[in-house]
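J.: Next come the chains, spelled out residue by residue.
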Amino acid sequence: MRRADNEMKMVFLSLSENESLARLAVGGFISPLNPRIDELNELKTAVSEAVTNCIVHAYRDGIGKIEMTARLYGSEVYIKIKDGGCGIEDIKKAMEPLYTTLPGEERSGLGFSVMESFTDSVNVKSRPGAGTAVIMTKKIRGKR
Amino acid sequence: MPVYITQSGSVMTARITGEIDHHSALWLRSDIDTAINDSSPTKLLLDFSAVTFMDSSGVGLVMGRFKNMKERGGKVELVNMPEYIKKVMSLAGMDRLLKEGR
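These protein sequence lines map, in sequence, to chains Z and W.
Per the numbering used here, the very first residue in the first sequence carries number 413; after that it's consecutive.
Per the numbering used here, the very first residue in the second sequence carries number 957; after that it's consecutive.
Careful, some of the hints might be misleading.
With beta-carbon atoms standing in for the labels, derived distance ranges [unchecked claim]:
(1) Gly486(Z) with Gly965(W): 48 to 58 Å
(2) Ile503(Z) with Arg1028(W): 37 to 47 Å
(3) Gly974(W) with Asp450(Z): 30 to 40 Å
(4) Ser1005(W) with Lys551(Z): 24 to 34 Å
(5) Ile449(Z) with Asn993(W): 30 to 40 Å
In short, the hints are calculated from the structure, not lab data.
For clarity, every value in this text was computed on a predicted model and none was experimentally measured.
Glycine included, C-beta positions come from ideal geometry on N, C-alpha and C.
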């Protein structure tokens, strides 16, 4: 395993006010890479989607803990967002654009599509009843 | 206050400020819908000029207001949208509601 140049880990409750906390933390963490504003926004958006999924889906019946790990490998950012919630039965289906299990709540079903469009790779591991981990990586080119 | 609502004739403008995520969308949705119910505009302009962040919850917000206005025979237009928000909207094909140059 490669050795990270920097790493942080934070654990927070699945409360919607923590969506902005997670985005801010990641924004701060990658600031040494001097990201362009669009790169920063894209990564923050992807993080926001993953954390919102934990709150809206994984812990839909209550409050649980969300663990976010961020690492830097050179100019590549690695982010893992993990929950101990209900898990996903069919990952392929869950990742289809516009698919949502909550149509009445104005969820657009675009969470995974945004993560895939705004990062370089998205990897989802999940087991029903045991939780879900979403791992994303993104290369930051930075301001030249 | 996260959204400033003004009306000129039958056109209502909702100027959204700050961040649109799952947390804030709930309040924005309720504020905008209350205003629509109160004054029944025929056109709703959603102004994104003061939005500093938006994830797919913003797409849900636009889709919901689009449906609400359509049911009343009205229209929705999106104005002053920063580039990166356009990118999120285009994933849902919602960029077709965009009015350029306003």
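J.: Do Ile503(Z) and Arg1028(W) keep their Cβ atoms within the hinted range of 37 to 47 Å?
T.: With a Cβ separation near 39 Å, Ile503(Z) and Arg1028(W) satisfy 37 to 47 Å, so the hint holds.
J.: Could you say whether the range 30 to 40 Å given as a hint is met by the Cβ separation of Ile449(Z) and Asn993(W)?
T.: 37 Å, holds
J.: Is the gap between the beta carbons of Gly974(W) and Asp450(Z) within 30 to 40 Å?
T.: 19 Å, violated
J.: Quick check on a hinted range of 24 to 34 Å for Ser1005(W) and Lys551(Z), using CB atoms only.
T.: Hint holds: Cβ distance 31 Å, inside 24 to 34 Å.
J.: Could you check the hint for me, namely that Gly486(Z) and Gly965(W) are 48 to 58 Å apart, CB to CB?
T.: For Gly486(Z) and Gly965(W) the Cβ distance comes to about 57 Å; the hint holds.
Comparing the model with each numbered hint stated earlier shows that hint 3 is the single one that does not hold.
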